[in-house]
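Each chain sits in its own coordinate frame; assemble them with the hints.
Sequence order for the protein chains is X and D. Under the numbering used here, the first residue of the first sequence is numbered 1, with each subsequent residue one higher. Under the numbering used here, the first residue of the second sequence is numbered 1, with each subsequent residue one higher.
Source of the hints: derived by calculation from the structure; they are not laboratory data.
Chain X is nowhere near these chain D residues, computed Cβ spacing over 10 Å in every case: (1) Leu21; (2) Val69; (3) Pro79; (4) Ile84; (5) Tyr103; (6) Gly110; (7) Leu113; (8) Ile147; (9) Pro148; (10) Ile155; (11) Asn183; (12) Leu208.
So the derived label-pair ranges between C-beta atoms look like this: (13) X:Ala113 with D:Ala57: 44 to 50 Å; (14) D:Gly110 with X:Lys68: 32 to 38 Å; (15) X:Glu114 with D:Pro148: 36 to 42 Å; (16) X:Ala113 with D:Thr205: 37 to 43 Å; (17) X:Gly64 with D:Leu81: 56 to 62 Å; (18) X:His133 with D:His116: 20 to 26 Å; (19) X:Lys68 with D:Ser114: 30 to 36 Å.
In this text, a Cβ means the ideal position worked out from N, Cα and C, and glycines have one as well.
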Amino acid sequence: MSIVEFRKVTKTFDTVVVLKEVDLAIEAGEVVVLIGPSGSGKSTLLRCINALEEINGGDLVVDGISVKAGGSKVRLIRQEAGMVFQQFNLFPQMTALENVAFGPRRVRGASRAEALDQAAALLAKVGLADRGHHFPAELSGGQQQRVAIARALAVKPKLMLFDEPTSALDPELRHEVLRVMQSLAEEGMTMIVVTHEMAFARKVGTRLIFMEEGKIAVDGAPAALLADPENLRLREFLQHVN
Amino acid sequence: MEFDWTVIVDALPALLGGARLTILIALAGLVGGLAVGFLAGLMRAYGNALLNGLAFAYIELVRGTPIVVQVMFIYFALPVLADIRVNPMTAAITAIVVNAGAYIAEIVRGSFLSVHKGLREAGLALGLPLWKVLFYIIGPVAFRRMIPPLGNQFIVSLKDTSLFIVIGVGELTRQGQEIMAANFRAVEIWTAVAVLYLIMTGTLTLILRATEKRMRML
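This is chain D alone, in the form it adopts within the complex (with noise of 0.2 Å):
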């Protein structure tokens, strides 16, 4: 077979609006897993047993059932659970959040919790209370320690947008199957698809990079 670069010059306005939806709804979702995340990890790392109980119990759900089911819950089940109708868009970014935002607590708390536990009390003894030790002295240092594993995490909810697919948003895979199945040009479409989720993953990449290298590691 001969590879066709005039395939993937007629495809790529199509699949660049692809990716583009890709990146709002992982910006979007990361903005919200990141938000929720933090919340349920302190819980988790600080919280009473009703608190703890409650993010344990959101952890667990998330992690131990796949993706594409919740995404499939929220825009099929939840309709009829609740009568709340969802675009898909809203489904696709709710999935992220919801996913993200599980495995984002366990870093967040196993980040604060790594951090050693004199500073708490240095903090403590001053007279402050908790809450400003956690955002003032442990946060800034957890911080520090949290940014390559979620680094993962981003990377893994980006390409996990894919699986929208199911629920037809069209982003990038999407637009990629349906340009595939109009024209059969399989190895052009695929490989265009693929060496864009590279780009974005690779910007994400060198973006975490460069926050690495201008915070000291503690």
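Bound conformation, chain X alone (with noise of 0.2 Å):
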């Protein structure tokens, strides 16, 4: 069974249909990387996932509970589907290993020596170590964005949705961010990341998919799209972003 499958997936704000009709699965395992023009649906097709937004039409089911269960169910999704924010949103009167033990704690129901201890232990997968005890407003954008990717692991979620984690950094810190994000796709974690960074969907991703106007335009393998695109959209766009 697939961990995301997207049946018929309208949303809409308003008038304006952000996606349309979206079928799309996602196995166990897999590293999906999402781009597209900006207002596309990509971001939208993210939080969908983790019903951040409501889906209006057919129906989305993550690990096997569908978005629209309501209450406690969706709080069972969002605890298997840990996401990383483009503006970080680390809780700012909490130093770093508060942010991590933080989920553990209130989420999992952990004792506070224990959410800490595994915490560091985070912390120091993510190259912070030594950065517990600051707060968030004392670290670079690319050590509070790591903050958070340890913040999401925390909650051993089953896949990592990401959106545009990146996007807000300075380029010179973008790869200690990408670094991270690539060595978590190599212990195998279920990744779904929105971002422009097409050499990290080169190099990571196991498929890459294009999106225009709330739909999938194309969906394939990352090498053979990027080195050759047919689609004459998805063309246009990596020549804008590249």
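Shown next as structure tokens:
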């Protein structure tokens, strides 16, 4: 069974149709890179998976649970689908360590000591062992984003959603975030990544999806698609981002 | 005229007794007002149409009428309407709770809604129910932003207790009025009363400033 399955999913904001009867199945272990011009619906598609956006038509099943099941069922989906935001969204009143320990404590009910131990290990994993006691405002953007990745991982999700994780970062800070994402992919994490990082798509992605006007226009292997984009719009798009 | 210090010395025990009552009314009223204000403010910010409407009606009703009318209503009209007898102290404290609650509700609503919506999404995305997101994530950030406007409201409410002279509560202003009526020393008595109010509000300001210093603004 697919870990994420879109069945004719439609999403509208007022009168604007953002997703048009999207069908999409994602298997465990895939690293799906979502690209497309702004307004094509790629971020919305991602945010429907953990029900930050409510779908208006069709059905969307994540790890066997429909996003339409509501309440506690939706919270289960969110625990299985960690999310990393463009703007990091770290909790400003907590240190890096407390940010990472927060999910296990308040979602999984772990003890404070246990959660902090695990948080320290996760911070070390993203290369921030020595930054645990810093507040978000004292960290660089790249460091904040790596803390945010550790925070999402702390809840032990089955898949990770990345919403333009490097778009708010200076170019020289992007690679440290991309490196963490790459090692995550190499460990076998299922990932869905909205990004403009074509090098990442080529190197790490196992599947590339190009969205246009609320629909999936192209879906295939990254290397082949990037080397020889048959779709005219994709070709134009790639010329603009590169 | 000559400023006669002995008048103040003689009046001081009664004035301090009045100040004690003023503090008591303000303190009890503000504790209750905070509770009511948080409830109504959160109803306004996150409640469904019904809860939102109820809180809105309460806030408009209280903000739209003078506090003197409110306390008169509680003390004189409520017994007639609903056969509820209240003593002046209870009426005074209730008036502060009801009145401050409405203003605090707007402060609470504004601070919670001023917190960047990404924090709420990040909390929800971890799989927390909304109330936990509000309690553990948004609340602590919002609380820091509430301190300056809450300070304003505390000081206003403390001074509003002087209006309860109209229902005969023996708070500071009332004490001053009574002493003045007996000895006609307006300058000394009202100076002393004003200074006592300044000491109380000044202390409040210091406490608020210390609280603000201990917390980093976010």
